[in-house]
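A.B. asks: What follows is each chain in one-letter form.
Number of protein chains: 2
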Amino acid sequence: MPEFAIVRTVADLRAQVGAWKRSGQRVALVPTMGALHEGHLSLIALAKTRAERVVASVFVNPTQFGPNEDFDAYPRGEARDAELLAGAGCDLMFAPGVAEMYPQGFSTSISVTGVSEPLDGAARPGHFNGVATVVTKLLLQCGPDVAVFGEKDYQQLQVIKRLVRDLDIPVEIIGAPTSRLEDGLARSSRNAYLSETEREVAGRMNLALSEAVRRLKAGESVERVEATGRAALERAGFQRIDYFEVRNADDLSHPGPGTLSGPGRVLAAAVIGKTRLIDNMAVE
Amino acid sequence: MPEFAIVRTVADLRAQVGAWKRSGQRVALVPTMGALHEGHLSLIALAKTRAERVVASVFVNPTQFGPNEDFDAYPRGEARDAELLAGAGCDLMFAPGVAEMYPQGFSTSISVTGVSEPLDGAARPGHFNGVATVVTKLLLQCGPDVAVFGEKDYQQLQVIKRLVRDLDIPVEIIGAPTSRLEDGLARSSRNAYLSETEREVAGRMNLALSEAVRRLKAGESVERVEATGRAALERAGFQRIDYFEVRNADDLSHPGPGTLSGPGRVLAAAVIGKTRLIDNMAVE
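Protein chains in written order, with the working numbering: chain A, 1 to 284; chain B, 1 to 284.
What the hints contain is simulated information worked out from the structure, not anything from laboratory work. Quick caveat: nothing in here was measured; it's all calculated off a predicted structure. Wrong hints could be hidden among the right ones.
Each pair may be met inside one copy or between any two copies, as identical chains are not told apart.
[What the hints assert, rightly or not] List of simulated lysine to any residue pairs, SDA-like, C-alpha gap at most 25 Å:
#1 LYS21 with ALA227
#2 LYS217 with ASP183
#3 LYS274 with GLU151
#4 LYS161 with GLN104
#5 LYS21 with ASP183
#6 LYS161 with SER111
#7 LYS161 with GLY105
#8 LYS274 with PRO67
#9 LYS161 with GLY143
All chains, please: the whole structure from these sequences, using the hints.
C.D. replies: Given below as structure tokens:
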């Protein structure tokens, strides 16, 4: 098994990445919040095809959780995460503490208008400012050639692509396809919250999304597809539906009520029990 | 005379800076809005003591001007700027157009709380968001080892130091002492707006500031020093005084009305005719 190390400070991270770069090796970063599952490991696998060295960050970022969200409950297990990363061929785990990321006096925030405003931006105020700021920090701390993010968080991926372009961060952002369980449920650390009954309900979200994709491709109107999808989630047993929407793929603007013309994305967020799940699919 | 070049795109800037860095040369960046004067050239001179190569950016950044400010009137003269930079030993001038800096769809903004809020932050809403965003872009476009900013814009310097620390931008920020004319007036591109009579009034601001420093060192209260300074600017003929304030040097928090204890800074902004001037001095 190759060497694997854990670092906790930006200085140590930079020392190792700097040494790799000076020896001509490309470096990929895979930012995570830990609680790793096969979805994350597929990001590591993709990263390994794009760089000689792969760094995974493990940091549950407090600033992207709202006051009534699951920051405290969010699953944590560093030893297991480290073992999974090492096994997947990751070279370095960057696991900073909150004080390393947000020292006393921290007062800078990055916001992205447009793409961050609908969907999770509306449902989770402040969430994408937290994401934009911490991802910018991670990218500038590590200085990777490429960084890999899952399409499971599709809006997050678009927000990150936008800010990287806008701020001229010298890195290539790569989206990785969503990893799914047997019934199609998107892999997510939050699936760990689900009871057996809730797990069954959760498995219906991806079906509603693929049905929506099928209908859009058949020429059904955006308006009808959204109504049908919403109704399907309700029937499935979700207790609150934050959104079930068809959007233009690149900037997440709304395509209007008629037939979808360009590349689209169907995105959903809904709550079952105490668990909020999101998923999305491409309409190509 | 050494070689001197002008580039207008981020790609060309990075190609040149990348070549220098690969050959082991340190690079300094001096961001300017053009209309160069001896103050800027003193920044170049300081930069040359800290790096083998010096890049100066010349960009009048629209997003840091308010709707009723002097963006259109701000003096521009690229040929003269280039000549001065070449003469001062600057290696590269980066003079991007607005579309290179803010292409279609641009939607990211950086804000810094605390240090950016009083003084010019209060007098010029949105100004420091514009500064923070463009400076971050320039730093990430160029990737210098050090960047030099004038202490003339002392609050701007503190905002930049804060955001560089907070976002982990890998660069050292250096403040350069304010360059002054014979009567002590701080050199500024906006001095070009002044009529002969206004020029005389302008020369009193630095006197009011050094008088304030003297009084603070003698133990006079912050409250009295501020009142005296304000009165001095009024008597001198300034038509509007935005502020004349004593602040703690590092975070620009207000030291309270009594005697100043730690390192301080006296800062003033006032309008004469159509020209708004700022200046500041250290209380050590």
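A.B. asks: For the identical chains here, do LYS161 and GLY143 meet the 25 Å Cα criterion within one copy, between copies, both, or neither?
C.D. replies: both (16 Å within a copy, 20 Å between copies)
A.B. asks: Up to 25 Å between alpha-carbons, please classify LYS161 paired with SER111: within, between, both or neither.
C.D. replies: For LYS161 and SER111, the Cα distance is within 25 Å both inside one copy (13 Å) and across copies (19 Å).
A.B. asks: At most 25 Å between alpha carbons: which applies to LYS274 and GLU151, within, between, both or neither?
C.D. replies: within (23 Å within a copy, 53 Å between copies)
A.B. asks: First find the shortest C-alpha distance between LYS161 and GLN104 inside one copy, then the shortest across copies, and answer within, between, both or neither for a cut-off of 25 Å.
C.D. replies: Close across copies (14 Å), not inside one copy (29 Å); limit 25 Å.
A.B. asks: Is it within, between, both or neither when you check LYS21 against ALA227 at 25 Å Cα-Cα?
C.D. replies: The answer is neither: 51 Å in one copy and 56 Å across copies each exceed 25 Å.
A.B. asks: Treating 25 Å as the Cα threshold, decide for LYS274 and PRO67: within, between, both or neither.
C.D. replies: within (15 Å within a copy, 47 Å between copies)
A.B. asks: Since the copies are identical, ignore which copy is meant and state whether LYS161 and GLY105 lie within 25 Å (CA to CA) inside a copy, between copies, both or neither.
C.D. replies: between (28 Å within a copy, 12 Å between copies)
A.B. asks: Could you place LYS21 and ASP183 in one of the four classes (within, between, both, neither) given a Cα distance threshold of 25 Å?
C.D. replies: For LYS21 and ASP183, the Cα distance exceeds 25 Å both inside one copy (42 Å) and across copies (52 Å).
A.B. asks: Is the C-alpha distance from LYS217 to ASP183 at most 25 Å within one copy, between copies, in both cases, or in neither?
C.D. replies: Answer is within; shortest intra-copy Cα gap is 22 Å, inter-copy 75 Å.
Against the hints set out earlier in the document, violations occur for numbers 1 and 5.
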